[in-house]
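*Asks:* Listed below are the residues making up each chain.
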Amino acid sequence: MKTNKKSMKTSFRSYALCLLFIPMAFTSCSDDDENPVPVDEEEVITTMTVTLTSSGNSTVTLQSQDLDGDGPNAPEITVSGNLAANATYSGSIELLNETETPAEDITEEVEEEDEEHQFFFSTGGSVTGATYSDQDGDGNPLGLSFELSTGEAGSGTLQITLRHEPKKPNDGTLADAGGETDIAQTFTVTVE
Amino acid sequence: MSVKSSLMRFILSILFCVVSNICFSQECERILLGEIVDFHDNTPLLGASITITGRSNTTTSNAEGKFTFKNLCNGVIELEVSHPECKSEFITVEIKGDTYQKIKLEHHLEELDEVKVVGSSVINKTASSQEESLSLKTVERFSGGSLGDALKQINGVSSLNTGANIVKPVIQGLNGSRILILNNNVRMQDMEWGEEHAPNVDINANQNISVIKGAAALEYGGDAIGGVIIMDPLPIVNTDSLFGKTQLNAFSNGRGGNITSSLVKSYSSGLYLKAQGSFKYLGDLESPDYLLSNTGIQERGISLTVGKREFIQGWEAYYSFFDSDIGILRASHIGNVDDLIQAINSEEPNVINAFTYDINRPNQEVGHHLGKLNYYRRFEGLGKWTIQYDFQRNQRFEYDIRVGDDADKASLDLRLKTHTLSTDFKWDAKQGFDLKVGLLGRYQNNFANPGTGVRRLIPDYDKYDFGGYGIAEYQLKDNIVIDGGLRYDFTRMDAKKFYRDSRWEERNYDQDFADFVIEDLGTQLLTNPVFDYHNVSATAGFKYDLNENHVVRFNYSFSNRAPNPSELFSDGLHHSAARIELGDLRIKSESASKFSASLERKSTDWGYSVAPYLNSINDFILLEPSSVEFTIRGAFPVWSYRQTDAKLLGIDVALFKNWTDRWRTDHNFSWVRGHDKSTDTPLINIPAANLNNTLTFTDANWKNLRVALESQYVFEQKRFPPNISVFSPEQQQEVELDINSPPEAYHLLALDSEIQFSISKTNDLTVGLRITNLLNTEYRDYLNRLRYFVDDLGRNISIRILYNY
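Protein sequence lines, in the order shown, are assigned to chains D and A.
Quick note: the first sequence uses this note's numbering, first residue 4, plus one each step.
Quick note: the second sequence uses this note's numbering, first residue -10, plus one each step.
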């Protein structure tokens, strides 16, 4: 019995020591004093610039810029001027990530993966229509280049949506295309 | 093979052959009738002492060798049987209704100093609060599901789902950080703060599962405002034996199944070894009308235990690893508020692909390591001292649909490490009075990997906890037990978080928390918020046995919970949910006062329980849609955390009746009403009332046949906060976002049947068939986050085969 007790005591001691030291061994190797590094946000589109040119009319640019991304500030929308009535404009779209310096050109990424992207245009009021003037590798519309037509003078809207992984080909509607929205912006313009 | 081990197997097979009832768990009026005979000549043994381990109940056998225990709960208990001239035996018995058990002792074998084992904990953790446990049979029936699915069998427990595979338990209306999960006595630290974060536990590992509804079990924490879920291993007996079981489940919905197996080797010296493993593999699930693309799941679990139990002292080392890869419904990945409007208005999901077992994006991969060492020692005339160290490492990856080089990069990559050292001492030397005091220290570190290329939703932080408590139970009279406790917890949260300048200012943190800024990076700030929380919790209650059949319980508990990292720091866009989630640095601890009472009647023929409760929570923290923010991708609903004073009033009612030996019916009803007192509106995400009825037929004489028809009626939740109005860029107008409206009521039928075959004396086989959503009903559930996108699961035919050896 006596020897039993003794061995019990020693084993107890060794357990206790063991238990005390294990947490220290773990915590001592954590590196909590260093500051975390900021995240480089990727695949962010902060800026969409639409350039509308038409011979005989001045060039108009439409821009949506959202420098704080998912932050609380809404995108800033600017329209450089008025569109001419009963005209046809060729439009081109440029996408940038301006959280990086220099700004990253996202347009190239869309061009490279053109089968997985498509712009959709929806017009209203004095903006009478938009048609695709480019195609992806499979011959389906892409929309980095397009033609925009205007009608009589008045107010009009141009809604531009970029879908990622849409169904291609589709019937031209957002509902049929599905996929995820990378950009959805509406510009209100004056046609004169 | 020794005689002992075959005895063991015999007992086990009895144990598993006990005809199962459906879950009416709070049956603590059961009687165990036992008979003790000499192993060699079957003569009755007089004067054997029988103790239920972990309890002070002791009795002795009479001249016919018989003994009885009354007032037992359904579940597994362990008996210590000793006789002056025999070797003590430890026997596990499953109490299933009134139970008879024959026990054979090896007479002649005199061995002094045989010891009692330390009880595993199937008995109630508290005397006065509402507690229920799942029978082993029920746990086995849900072996292929999740913990949350199984717990829904308990009245008053529901779940918050993200699809069918991510199931968070909800106890009397509360979920997430308000519910503690004790996995083999280790409090799970697995990022329980997220609505799409299910508990990282294998239901097949620790199958002794019970629920305490409320915060009365202070030894586990002072912040269990919702309740505590306890998962303990099944008791292992100190004999030389080797036994195991293997269960296979196959499912038609998902076209897969799972397998789980465990093996236990025990020695009469008290040493034991246990190994257990599980594997689950399911492909895309189906609703009645269409395939739910990308809803497959793969899970792997392993657990290893080695320990030694003696009366004076004992120890245990436990390790478990649980890993899951869960597909998130493809159609739930949407872009912006217009996509959400479209999804809500559309009958069918926008993506339906061909069936596959592959798990594509979006998905989550979570691995959880848990290690535990504990040691106990008894001191004569005093009580028992326990010390435990545990370590957990939770690694969570959430993958989104991404393009280019980032396609295989996680969008969320968090690693949470937790170390806990705890100790307690229980004075149980005095009959009728138990006192337990304990201390706890915990260190937790969260690391958010910046390599994701996505801003951190949860920041890096260190968290320190220190707690101390005392709980006591006192037998005031023969029929009255009172219990009570007090606990103090200190929590320090020390985080390092980046804020965009625009967000910092929009929240007015620049005025209130300017001290936290440690670095200005131009467009964002690095901040170091440090918060200390001091929380006190207390509980008191009684249990009063009115007469033979009736018990009354009353409990009051006051509990405090410090805010979790998500509530404080969430800041970002959840792509898969198309919502911006915002925490608030100003959030303080919430404190709850809960009154619960119950009246129970039990007899062999029939019984009922009526259990009302009132939970009044000050500074209740909730997450709800509040506004809309515009980005270049369109508009997103903002879900913000806010605090308010809330009141939850509810009742759980259960009734059963054994009509004949073979026919039994069970009827459960639960209802809870959640109200925001500050705004005078209903609380969000409160489960709808539900009514469950079960008709069971059993035939003990024919292969223990059991057939049960289960009906579940879920009412429509009529009380919900108002929807929000958003500007839809696509429609160019303000529209109502139907984000809070609950779906209609639904009714589901399920069929469960089971038979048992005896293969040999020690081996037996159980074969079961279960069909859920028997009529292939289309329905959506209010507490399923995917209800905007798809119908819930269609019919599922499953087969289970359980082999004990």
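Just so you know, not all the hints are guaranteed correct.
Footprint (simulated), chain A over chain D, 3 or more residues, beta carbon under 8 Å [to be verified]: (1) 39 to 45; (2) 51 to 63; (3) 72 to 83; (4) 145 to 151.
No farther apart than 30 Å at their CA atoms in a straight line, the calculated lysine-lysine pairs in the DSBU-like style are these [claimed, not checked]: (5) 398(A) to 171(D); (6) 398(A) to 466(A); (7) 398(A) to 170(D); (8) 398(A) to 297(A); (9) 59(A) to 692(A); (10) 419(A) to 55(A).
The hints are simulated quantities; they were obtained by calculation from the structure and are not laboratory data.
Note that the structure is a prediction, hence the values are computed from the model and not measured.
Where a beta carbon is used, it is the ideal one built from N, C-alpha and C, also for glycine.
*Asks:* Now tell me if each hint is right for this structure.
*Replies:* Taking the hints in turn, this is what the structure says about them:
1. 39 to 45: holds (count 7)
2. 51 to 63: Not satisfied, violated; 1 residues make the cut.
3. 72 to 83: holds (count 7)
4. 145 to 151: Result for this restraint: violated, n = 0.
5. 398(A) to 171(D): holds, 25 Å
6. 398(A) to 466(A): Roughly 64 Å separates the two Cα atoms, so the pair is violated.
7. 398(A) to 170(D): holds, 24 Å
8. 398(A) to 297(A): violated, 45 Å
9. 59(A) to 692(A): Within the cut-off at roughly 28 Å; holds.
10. 419(A) to 55(A): The hint holds at about 28 Å.
Hint compliance for this structure: hints 2, 4, 6 and 8 are broken, all remaining hints hold.
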